[in-house]
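Undergrad: The residues making up each chain are set out below.
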Amino acid sequence: GESVGLHLPTLSVQEGDNSIINCAYSNSASDYFIWYKQESGKGPQFIIDIRSNMDKRQGQRVTVLLNKTVKHLSLQIAATQPGDSAVYFCAETLNTDKLIFGTGTRLQVFP
Amino acid sequence: DARVTQTPRHKVTEMGQEVTMRCQPILGHNTVFWYRQTMMQGLELLAYFRNRAPLDDSGMPKDRFSAEMPDATLATLKIQPSEPRDSAVYFCASGLGQGLPYFGPGTRLTVT
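Chains as they are written, first to last, in the working numbering: chain R, 1 to 111; chain L, 1001 to 1112.
These are computed hints drawn from the structure, not numbers from a lab. Please note that a few of the clues may not be correct.
Derived, one-sided and incomplete: chain L residues facing chain R with beta-carbon distance under 10 Å [to be verified]: (1) Q1006; (2) Y1035; (3) E1044; (4) Y1102; (5) P1105; (6) R1108; (7) V1111.
Computed far set for chain L versus chain R, every beta-carbon distance over 12 Å [what the hints assert, rightly or not]: (8) R1009; (9) M1015; (10) G1016; (11) G1028; (12) D1056; (13) R1064; (14) S1066; (15) P1070; (16) T1073; (17) P1081; (18) Q1098; (19) L1100.
From the three backbone atoms N, C-alpha and C, an ideal C-beta is built for every residue, glycine too.
Isolated chain L (complex conformation) (with noise of 0.2 Å):
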């Protein structure tokens, strides 16, 4: 049962502080998004990869925030330094070419 995995599936760290979440793609997918999830905006996409190479990050605070495919099976989300307004879940989610994405289960991250 092929399925996209997330660690760690709960953070909670203080404020300035580096919070790096994963994600394990769904082998053979070349296509890994990372979206938010909150309260007040829904589920926003932050930024998505394509054979590991970033091709919109148009979503995701440039400042504290970066995204990077180390291989074809990693995916990471880092933010540095943390700050309270990122406390929301944030998923992964995986797909071949441009078809269906398939979610994780999700980080949830609160930052105090």
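For reference, chain R alone in the conformation it holds in the complex (with noise of 0.2 Å):
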């Protein structure tokens, strides 16, 4: 499949244990923010979203929190399972159509 990066941080975790993937993102106006996932091969798929007048949101096994104090979004994933290794980005928008992606991160899930 496509290789996405050689020098993504990279986090290794435990099946059954707990992931959290955080973000910094860079415009402090921008209102709208998505978490996608891409597997190997694939194209990035949407996990879950959040609007810039939330602080949280959950989805089934995961979870979004925003915090525009510091500029910073991360990702949970409950009991993350092998089939959740992907690298994970999130993105931003300002009232636009242009997602800005960050430079994603890789989770890797060993037995």
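With the hints as a guide, dock the two chains, each given alone in a separate frame, to form the complex.
TA: So this is what it looks like as structure tokens:
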């Protein structure tokens, strides 16, 4: 599959543990944020999103936290599974169609 | 299961050749994006369209790249002439209005 990046930060977790992936975004005025998951050989897939008027949003096994004071976004994955292994990107946008992507974090899940 | 389709999935070509990548957006989506992914630059927005009209192509090298939407079901990205530095994975994504973009599987381009 396509190689996303050789120099990505990597998070290694044991199966069953919780994972926390962090992202620093660039524009303090951004009002919409998205987390994408990219598996080898595939395009980015939507995981969860959050608007700037919220600081937390939960999905199935995933939670996104937004701290606008320090321009920080995090993705929490509960009970991490081997199928969660992928590269995770945060993306931000300000009332436009232009999604600006972060550099990505590689999540490795080991048994 | 609606999804964005892209062809070809892989393309190897020699420097100087013309390359055309095609994308079929999800039926009913009126916004189409072209992104490029490289190891060094990550995911970059090249251009996007709404209702077939180009809204922004500031991320695209104008001298060799061109993007069009001949109709609502087809978007094309053309490189002429191609160069080795164009080697990357090119993603098409589609969305409804300013809604969430859904990505296709990508075209992996290698220019030798």
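Undergrad: Against each hint, give a clear statement of whether it holds in the structure.
TA: Hint check:
1. Q1006: Given a least distance of 8 Å, the restraint on L/Q1006 holds.
2. Y1035: 8 Å, holds
3. E1044: 8 Å, holds
4. Y1102: 7 Å, holds
5. P1105: With a minimum Cβ separation of about 5 Å from chain R (threshold 10 Å), the hint on L/P1105 holds.
6. R1108: 6 Å, holds
7. V1111: 15 Å, violated
8. R1009: 9 Å, violated
9. M1015: Its Cβ never comes within 12 Å of chain R, the nearest being 21 Å, so this holds.
10. G1016: 24 Å, holds
11. G1028: 17 Å, holds
12. D1056: L/D1056 is in fact no farther than 12 Å from some Cβ atom of chain R, at 7 Å.
13. R1064: 22 Å, holds
14. S1066: Since the minimum Cβ distance to chain R is about 20 Å, L/S1066 lies beyond 12 Å and the statement holds.
15. P1070: 21 Å, holds
16. T1073: About 19 Å separates L/T1073 from the closest Cβ of chain R, which puts it past 12 Å; holds.
17. P1081: Nearest chain R Cβ is 23 Å from L/P1081, so the label holds.
18. Q1098: Contrary to the label, L/Q1098 does not stay out of reach of chain R, its closest Cβ about 6 Å off (not over 12 Å).
19. L1100: 6 Å, violated
The structure fails hints 7, 8, 12, 18, 19 (numbered hints given earlier, in ascending order).
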